[in-house]
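2 protein chains.
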Amino acid sequence: MLNKNRRITFPVIVSAPSGTGKTSICRFCAKKLKGLKYSVSVTTRPKRKGEVNRRDYYFVTEDEFKLWIEQKKFIEWTSFHGFYYGTLKEKFESMLENGYDVVADLDINGGKNMMKRYPEGVFIYLLPPSMGELKRRLLKRGTDPLSVISQRLSKVFEEVRYAKGYTYIVVNKTFQTTVESIILIIEAERLKTSRFETYLNHLKEEEWRE
Amino acid sequence: MLNKNRRITFPVIVSAPSGTGKTSICRFCAKKLKGLKYSVSVTTRPKRKGEVNRRDYYFVTEDEFKLWIEQKKFIEWTSFHGFYYGTLKEKFESMLENGYDVVADLDINGGKNMMKRYPEGVFIYLLPPSMGELKRRLLKRGTDPLSVISQRLSKVFEEVRYAKGYTYIVVNKTFQTTVESIILIIEAERLKTSRFETYLNHLKEEEWRE
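Taken in order, these protein sequences are the chains called Y and G. Numbered by our numbering, the letters in the first sequence go through residues 1 to 210 in order. Numbered by our numbering, the letters in the second sequence go through residues 1 to 210 in order.
Worth flagging that the hints you see were computed from the coordinates, not collected in a lab. Note that the structure is predicted; figures quoted are calculated from it, not measured. Each statement offered as a hint is correct.
Where chains are identical, the list cannot tell them apart; a pair therefore holds if satisfied intra-copy or between any two copies.
Each computed DSS-like pair below joins lysine-lysine, with the alpha-carbon atoms no more than 30 Å apart:
{"hint": "1", "residue 1": "Lys32", "residue 2": "Lys192"}
{"hint": "2", "residue 1": "Lys173", "residue 2": "Lys31"}
{"hint": "3", "residue 1": "Lys73", "residue 2": "Lys112"}
{"hint": "4", "residue 1": "Lys31", "residue 2": "Lys192"}
The following block holds chain Y by itself, in its conformation from the complex (with noise of 0.2 Å):
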């Protein structure tokens, strides 16, 4: 969308395994980067420790999902492990008339819908260093019983296939070096020439000389 810096702003959707910390990583890179939003996603599934209602998430109920459902009140919303997450259109979109690129974690499907919508968008796929790794990071946060872990990594590799429909692919090797390379993306994308198209389309001749 067109803002009154004349540059279009986009969304970029972060999507990776469970376990990635992806929600934490989104954050802390609308924290750091400026003219960046992080969009807090909608979920029915309970709070963890340490997440913080409005901030990591919306937290509702299973009734007031459906209802905004049915509303129309989502850009897209997907249910995984018997849970509901979704991205509040009006939030969303505001964000970006205003002038702000927008940044969400969403999962494949999240992602693939979002594909469809803003084609024009960033699509960063995190990829764990490796299936062991993913495995150590899943037992030590310690909040999903054993079964669920292993339901997860079994999702994993299948996953990892999808990263191909993506933009660009981060190994997440720390939460350091991944912060840095999705700000970095973000902006060299805040460079592209498709970003300033209607700004060249109208350019005068006179605005060039002083």
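Assemble chain G onto chain Y, guided by the hints.
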């Protein structure tokens, strides 16, 4: 081209109106960024003060240049203000094959030729902050007679329109900021999924297990 690091290397073409200092900008980028090499062009134009043969250009006679055209030694060549400029095929390709990304500063025609040959390449156009600023720079450099400067300026606005064919636009405010932006773009481009395609296609599940 796929190298031993299993990443596909790519050419980075930087174009700009004359008088932008794009040669020293590109050379400096290659000095600063690991894995990036500068492609030295061949030219028939006279050596300017401070320029070094084989570092800035290969300075050759018109006869030599024409012979090399016949021998198909160039990936691309063009003539500009009565002089020839070209890129040596063998050198350029061997750098890519040996695992380096390669940055070259070329004029608009050279850029267009490279777009056809390397559609996966990265094309950056350096836009002057304003026409007045560009005029001041050309006058300050003092290497060209006023008639040439005026001829160049009249071509600049036309060139700006070509910028739209490039992938990225960098407003050339200072040497430092421009170098930083180009390096940023290359680092982000290295994370593109398409640069890993062969690697991802051959990914075996075992590689992810420890």
